[in-house]
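Based on the sequences and whatever the hints tell you, model everything.
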Amino acid sequence: SAVISQKPSRDICQRGTSLTIQCQVDSQVTMMFWYRQQPGQSLTLIATANQGSEATYESGFVIDKFPISRPNLTFSTLTVSNMSPEDSSIYLCSVEDARAYQETQYFGPGTRLLVL
Amino acid sequence: AQSVTQLDSHVSVSEGTPVLLRCNYSSSYSPSLFWYVQHPNKGLQLLLKYTSAATLVKGINGFEAEFKKSETSFHLTKPSAHMSDASEYFCVVSVYYKYIFGTGTRLKVLA
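Those protein sequence lines, which keep their order, are chains B and F.
Everything in the first sequence is counted per the working numbering, starting at 1 for the first residue and increasing by one.
Everything in the second sequence is counted per the working numbering, starting at 1 for the first residue and increasing by one.
Possibly wrong hints are sitting among the right ones.
Derived list of chain F stretches under chain B, where covered just means 3 residues or more per stretch with a C-beta under 8 Å from a C-beta of chain B [what the hints assert, rightly or not]:
hint	stretch
1	46-53
2	93-99
3	102-111
Label-pair restraints from in silico Cβ distances [unchecked claim]:
hint	chain 1	residue 1	chain 2	residue 2	range
4	F	Thr72	B	Thr44	15 to 25 Å
5	F	His10	B	Lys65	31 to 41 Å
6	F	Ala53	B	Ser9	29 to 39 Å
If you want a taste of the chain F side facing chain B, the calculated C-beta under 10 Å gives, among others [to be verified]:
hint	residue
7	Ser32
8	Phe34
9	Phe67
10	Lys69
To be clear, the hints were calculated from the coordinates, so they are not data collected in a lab.
Given the structure is predicted, the values throughout are model-derived calculations rather than measurements.
A virtual CB, placed ideally from N, CA and C, is assigned to each residue, including glycine.
Below is the structure:
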């Protein structure tokens with residue numbers, strides 16, 4: 001399986017600021033995903049990021065709040081913009097199994113964000 | 001529409017006794033189903049997956065799950081719990097890479 005790293009691993013931010021989270025994978029993958037896990041809750045898909053196209057956002061998430069970049073097949077960033085305390089969550093990236101038709105995702109360690 | 005329901009938010013077992021974590025799914029399509037474990041302060045680790053091959057799926061660390069279409073269930077089991085199994089477990093249904101997570105089951109293992 002792919003090895004995925006995220007930076008930063010955790011951060012404490014002031015409301016109104018923005019934070020960019022990086023996701024790096026050690027092999028080329030077509031599909032990358034960003035999830036949010038609010039405190040004590042399950043994971044919710046924010047968006048799917050394919051290289052060479054605009055990210056596809058899920059209902060309830062918008063590009064102005066969560067802009068995503070996918071400049072190549074091994075890297076993606078998620079920005080949390082104009083943060084409020086409600087954005088305090090763990091943000092995780094994942095990648096699809098490079099083998100065809102596996103429908104399996106592998107997850108990074110997550111970024112723990114606290115907004116004051 | 002696809003959905004997944006984990007029937008227990010918390011499960012406690014004694015070390016050495018069997019583990020059963022329950023998951024029911026709803027899907028209009030032939031689903032792919034997964035179990036992940038989330039250890040504290042770590043990402044999610046894939047335990048096992050069902051993708052329309054054998055209905056009894058064996059995973060890592062002695063876990064297995066059985067796909068029962070008639071019951072729309074995909075329960076996770078382990079014959080003998082170990083202290084290191086204490087974690088949060090998520091059942092996931094996927095249709096064309098869209099992952100829908102269950103609400104999670106926190107497993108506690110008592111010494």
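Against the structure, the hints:
With a threshold of 8 Å between beta carbons, the proposed coverage of the stretch 46-53 of chain F by chain B holds, since 3 of its residues qualify and at least three are required. For the stretch 93-99 of chain F, the assignment as covered by chain B holds, since 5 residues bring a beta-carbon within under 8 Å of that chain's beta-carbons and 3 suffice. Only residues whose beta carbon comes within less than 8 Å of a beta carbon in chain B count, and the stretch 102-111 of chain F has 3; three or more means the coverage holds. Range check, F/Thr72 to B/Thr44: Cβ separation about 22 Å, and the 15 to 25 Å hint holds.
At about 33 Å, the beta-carbon gap between F/His10 and B/Lys65 stays in the expected band of 31 to 41 Å. For the hinted restraint 29 to 39 Å between F/Ala53 and B/Ser9, the CB-CB distance of approximately 36 Å keeps it satisfied. Hint status for F/Ser32 relative to chain B: holds, with the closest Cβ pair at about 5 Å, below 10 Å. Hint on F/Phe34 holds. Least Cβ distance to chain B is approximately 7 Å, under the 10 Å limit.
Using the Cβ-Cβ criterion of 10 Å, the hint placing F/Phe67 at the interface with chain B is not satisfied: the shortest such distance is roughly 14 Å. Among the interface hints, the one on F/Lys69 is violated; its C-beta lies about 18 Å from the nearest C-beta in chain B, farther than the 10 Å criterion.
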